[in-house]
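**Q** Take a look at the letters that make up each chain.
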Amino acid sequence: MDIFNNAQQAWLVLEDGTVYEGYGLGSSEDAIGELVFNTSVVGFQEILTDPANANNIIVETFPLTGNYGVNHENDLHESITARGWVIREWCAQPSNFRMEGRIDEYLEKKNISAIFDLDTRAITRKIRDGGVQNALITRTNPEGCKDELVAKIKAWKKPMPAWVNYNEKVSFEKLDSKYSITMVNYGIRKDVINALMARGCRVTVVPASYTEKEIMETKPDAVVLCGGAGLEALRTDYAQKENAIDAAQETVAALMKSGVPVLGIDFGHQIMALAMDGSVEKMHCGHRGANCPVTEIASGRTFITSQNHGYIVKDIPASAVVSHVNSNDKTCEGLEYPQMKAMSVQFIPESEIGQKNFDGIYERFLGMVK
Amino acid sequence: MPLRQDIKKVLVIGSGPIIIGQAAEFDYAGTQACRALKEEGLEVVLVNSNPATIMTDKAMADHVYIEPLNIDVVKRIIEIEKPDSVLSTLGGQTGLTFSMQLAKEGFLDSHNVKLLGANPLTIDKAEDRQMFKDTMEKIGEPCIPSKVVNTVEDGLAFIDQIKYPVIIRPAFTMGGTGGGIAYNEEEFREIAGNGLRLSPITQILVEKCISGWKEIEFEVIRDSKGNIITVCSMENVDPVGVHTGDSIVVAPAVTLSPAEFSMLRKAALNIVEELGVEGGCNCQFALHPTSMDYAVIEVNPRVSRSSALASKATGYPIAKVATKIAIGYTLDEIINAVTGNTYACFEPSVDYLVVKFPKWPFDKFVYAKRTLGTQMMATGEVMSIGTSFESAMMKAVRSVELGLDSFNLPKFADKTKEELLELLHNCDDERIFCVYEALKKGIPAEKIHEITMIDCWFINKLDNLRKTEEMLANCEELSEDLYLRAKKYGYLDSTIERFSGKKVEHHRKGVYKMVDTCAAEYKAQTPYFYSTYDEENEAEEFIEERKSDKKKILVFGSGPIRIGQGIEFDYCSVHCVWALKKLGFEAAIANNNPETVSTDFDTADRLYFDPLTPEDVDNVLESEKPWGVVVQFGGQTAIKLTKYLSKKGVRILGTSADSIDEAEDRERFDELLGRLGIPRPKGETVLTKEEAVAAANRLGFPVLLRPSYVLGGQNMIIAHTTAEVEEYMDIITSHMKDNLVLIDKYMMGKEVEVDAICDGEDYLIPGIMEHIERAGIHSGDSISVYPAQTLSQKLKRTIIDYTGKLARELKVVGLVNIQYVIYNDEVYVIEVNPRSSRTIPYISKVTGVPMVEIATRMMFGEKLRDQGYGIGLYPEAEYVAVKVPVFSFEKLHDVDTLLGPEMKSTGEVLGIAKTFDEALFKGLVAAGYKMKHEGGVLVTVRDTDKQEVVPIVEKFEKLGFNIYATAGTALTLNQNMIAANTVRKIEEDEPNIMTLFDQNKIDYIITTSKKGRKPQRHSVQMRRRAVERSIVTMTALDTANALANSLMSNRTVNDVELVDITKI
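Chains as they are written, first to last, in the numbering used here: chain A, 1 to 370; chain B, 10001 to 11064.
Among the hints, erroneous ones may be present.
[As the list claims (entries may be wrong)] Listed next, with one range per pair, are the computed distances between beta-carbon atoms:
#, chain 1, residue 1, chain 2, residue 2, range
1, A, Val322, B, Ser10479, 56 to 62 angstroms
2, A, Lys146, B, Glu10480, 22 to 28 angstroms
3, B, Met10292, A, Asp129, 38 to 44 angstroms
4, A, Val322, B, Glu10039, 29 to 35 angstroms
5, A, Gly300, B, Asp10134, 28 to 34 angstroms
6, A, Cys145, B, Glu10544, 30 to 36 angstroms
7, A, Glu78, B, Asp10160, 49 to 55 angstroms
8, B, Pro10200, A, Glu78, 34 to 40 angstroms
9, B, Arg10651, A, Lys146, 45 to 51 angstroms
10, B, Pro10200, A, Ser177, 54 to 60 angstroms
11, B, Lys10581, A, Ser299, 55 to 61 angstroms
12, B, Glu10540, A, Lys146, 23 to 29 angstroms
Note that these hints are calculated values from the structure, not bench results. C-beta atoms are modelled at their ideal positions from N, C-alpha and C, and glycine is treated no differently.
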């Protein structure tokens, strides 16, 4: 099978008017999203299904994708996906004993629009130098209607992610669970649930709309706030949802003050900082990859972590101390709240590729549970 | 922790001569280490016996000892220099083994020397088979079922449990020397017996053979704080069963999903943590292709060939970082030199695919057994970088200089499907080409996988190349789309034209992308580029951003290390770059060898990591727009480009293309010699077998035969009979069609070699070298002595005169190497090479004349007279230097050790001393001669040597050796009053020579024979058995005589003066 055979032309149009021409893959629908790059070499399926990428079009810096095919176990979320995927080459004859199918079929099934045969390094350099921007993947030649398209792309705002409206409560449990953990659904990742279950936790996922009272009614031994990409979406100026972020902050502040141990991961880390009167800031082009070095201040040790975020905590809340920093740009990667039973990290502890590093995060957190 | 305050003076132990399994990568690592140490203001003492290296330059260390790597020598250097520390992990297995021995004996403690880089416990846990197994068991990392045994019988008992096939791995040998796979008891007895002999502790590991599993490697770095990262993952295209040094390797690993990837990464981190490595470490795994089962194959707690590859593949300087860690720094304190603003504590991210392709010596050793196994056989390798596997492979096959520009190997073209199905079972150096041909003949990828166990991913990608080739062949017109696709897959225009039969109308030039360790996440400073067929040209941008008034010069490197073109050319290329920078130029280098210093991204102002074919070079020229280019330092690889570049009108600095042609073209050269009145051995040029036989008869036997363009005496023989001429012509015409063959009268005289620098008018001869062995043995395989010891003033004057005439007449600007033979007191010219040579590094070091720098200055019109080194013959040094070749025969099966006009050595060592005798002694010791003073000598020589060998054998007899000889030789010896025991030949009934070998009665062999090469010959078999038993075998009487003289001087390494060459 030849990836160019019968391939349809497709275009990637950027907010700044740049147009790249390639071939379409997956869904043929137009897709608009925030164009970000990810430097991981393996784990494309995880990246595509990380809820933090719900509104993103991902540029894959590694040129060869889909080499080992797809496997449903690799999905971090069963329904949430990135909006689009920008790659150089995909593998029509993948090879791995675990694979269940090819990436092209997967993209179609997941309704993800992708474009290939592009110089992804050139696009990455553009994002690196110019910052993240919106972009469109389309199968319609933008020639002649570029101005309108660009205006449309510019005007696009991240919509409220679907998970905000989830209202079901789900439980994950093993027989000999020791702790009862309630996780607030800010776009949870399967690997975080798995990591907690592996440590003897019964995990109950509740909707983001739950109040502190509703959360506490689930009788948690501890609460985990996990997810990503929520902030901007929650801040969107879609009038009707404007208070979503305030509501979330209120809930989190109340939880932290209630004395129940709270762990924030990724977006959870940011929302906790906001709840405690800190501030967050949008990054130039984000930390997205499996090779981000983070220094743990207490031990002085540096670990390699997996990250996927476009915001950082800027002003540290008065009630918090910094526990982790990014070794390269020295941004905040972890906070502890000494007066409360609360801690948070910006990276994903023990995500698949970063496994082995920071094994201690969950242990320390569970240590707070008495 | 910053730099340890208790470290001021560090001893670095190098890796010694280049041998298969331990090559230029350690010069790269050692050079980085020395520079990293000096950067910290530390005093560096260096010991390495290899004079061709950059690390043994005076500029690299404060004290440089080119001395035998021998435990007593190292001890004496420690006593003289009193370093406070010794760095153990940067000098390959050799450096590591010495360091451990010194530590374990308590020598380091008693001399207050700290061991940096690794502690003995770490090393033992990694290298002692049993301790390694125990350690892995402790942390739950699976190993292959195996057992450490000290006898063949114990091994057989274990095999009863695990069944054949089994792999035998001797303990503490490098590059898998003495290992192998056994399928039955007979094979096991042979391999195990050999392995036990070669292991310094008589220990082998017998393990279950897991051939066919995926082979995955991780390069890990850990510091004293426990920070730990993986620099790079690598996947072998050839699965387990082929030594990783003989495998095609890709980086990063491509067929692993996150589940397997993180499982192995975690295992690598666990292992390195448990071993307590502080520095670089290589972990090799076998991964079952259809399950999550894996096993740890091997761990190397030091820099290695793989770490050199990982460094070049990612831009992460492992050796430098490992050195900084050894002296106290932690990863989070070391700045990433690539970005300049991030730290070494991160995992590089790549946005391209790297392919490593081995370079094997089988083009030279036509009778060698080409089967690949657990013992490495490649002498070098190339690396290529592409945005697809296809393009990286296409670049690799061009870089490795097999005369190919695709995966079509002519010898497979006519094979049928059935034949190919058979041939796929041969796991040899040509297997990848066989796979390609199999695809062409319609054998399905699955079937090929079943036979070869090469992952289908790789096979299918190769199939994309086949499809492209097919599309080209079938296209009605060469559309822009198709052309661009072919370009993106790595095809040259000429290849596209050949396959399609269409002209390329609109040539598209390549552009460059940067290797930056971070997949463009951060803006990087590295001037390290590879070509692609995209729009952006980062090299041009880079040049534009740093615009200067300096002229830009492009230097061509020498490609893969092979016999005849080794590390010395990298030495010259690097020195040229340094000289250019010093002279105020911007220097760029183009090369494709990942093992070398020249491809370190901070050597030149810009590095182009790509093949060195005309079109590839065109791309570099387009981007770089150099003012001039340099071809004379990159060996034949660079010289080959001269004609093309000159035709294009590129300014070639130094000796002109026309002069190079004049020296290489037989007719023009003869004419030149005629004009100058310089004699040379009579010769003719022929094309066919018939012409060759006629010419040989006209010239009179013996004659020397070789193809017109040669490298290291490739395919060169001395023929004594018509039959030999015919055999040779058959081989040559089957390999290279339409290649002219030179046939010369062979004169068995004294060989003399001269390296000179010329500015077009004046010339400077830093030194005249004389070979111990008479002409007929390739100069690279001869023991070479500087300054010449036995030449009369008259002969010297003639040589100087001829050299001057030749240099001037050829209008040499830069370096020229001339070889002479002295026959009946007359000087004849053998060949003139207007370029750098093998001997430049050592002559530069011994004489103190910076030859490459001066030669570079000449290229810009500077005059020799202004350099301060005079003209004519440079005053002879106070020291005598003896260069002794080193061979890798034990790694190559069925290769005859008989020396001849075809070069066979892989490396060299140098002995430096005030007297010739001492220098020779040092050289021999450094080359690995054990210099035993008692035991037995076996003599078996051809009739023409029987009289001449007598006085030599007499010397051995006087030394008290027992003399054994085959019947004919024994008769002559006995007639000359030498008591020689007659021994039956190997093909005769026992007890025979083999019996003596097995009883360990033979320590030296003097053997010459009229014929060699063919492995079926008994004399060749005898020599092979001797190699397997590590018995010193001398195949030239001159070598034997030199050894006997040296033994008679009764020296030991404790008597010799150790010379710090920085003080010469």
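**Q** All hints are to be evaluated individually against the structure, with a verdict given for each.
**A** For each hint, the structure was consulted:
1. The hinted window of 56 to 62 angstroms between Val322(A) and Ser10479(B) holds, with their beta carbons roughly 59 angstroms apart.
2. A C-beta distance of roughly 24 angstroms is found between Lys146(A) and Glu10480(B), which places it inside the suggested range of 22 to 28 angstroms.
3. Our hint of 38 to 44 angstroms for Met10292(B) and Asp129(A) holds, since their Cβ atoms are close to 42 angstroms apart.
4. Here the CB-CB span from Val322(A) to Glu10039(B) is close to 33 angstroms, well matched to the stated 29 to 35 angstroms.
5. Remark: the range hint 28 to 34 angstroms for Gly300(A) to Asp10134(B) is upheld by a beta-carbon distance near 32 angstroms.
6. For the hinted restraint 30 to 36 angstroms between Cys145(A) and Glu10544(B), the CB-CB distance of approximately 35 angstroms keeps it satisfied.
7. The hinted range of 49 to 55 angstroms is satisfied by Glu78(A) and Asp10160(B), whose Cβ atoms lie roughly 52 angstroms apart.
8. For Pro10200(B) paired with Glu78(A), a C-beta distance near 59 angstroms fails the hint of 34 to 40 angstroms.
9. As the Cβ distance of Arg10651(B) to Lys146(A) is approximately 46 angstroms, the hint placing it in 45 to 51 angstroms holds.
10. At about 56 angstroms, the CB distance of Pro10200(B) to Ser177(A) agrees with the hint of 54 to 60 angstroms.
11. At about 43 angstroms, the beta-carbon gap between Lys10581(B) and Ser299(A) misses the expected band of 55 to 61 angstroms.
12. The hint said 23 to 29 angstroms for the Cβ distance between Glu10540(B) and Lys146(A), and at roughly 28 angstroms that hint holds.
This entry does not satisfy hints 8, 11, going by the numbered hints stated previously.
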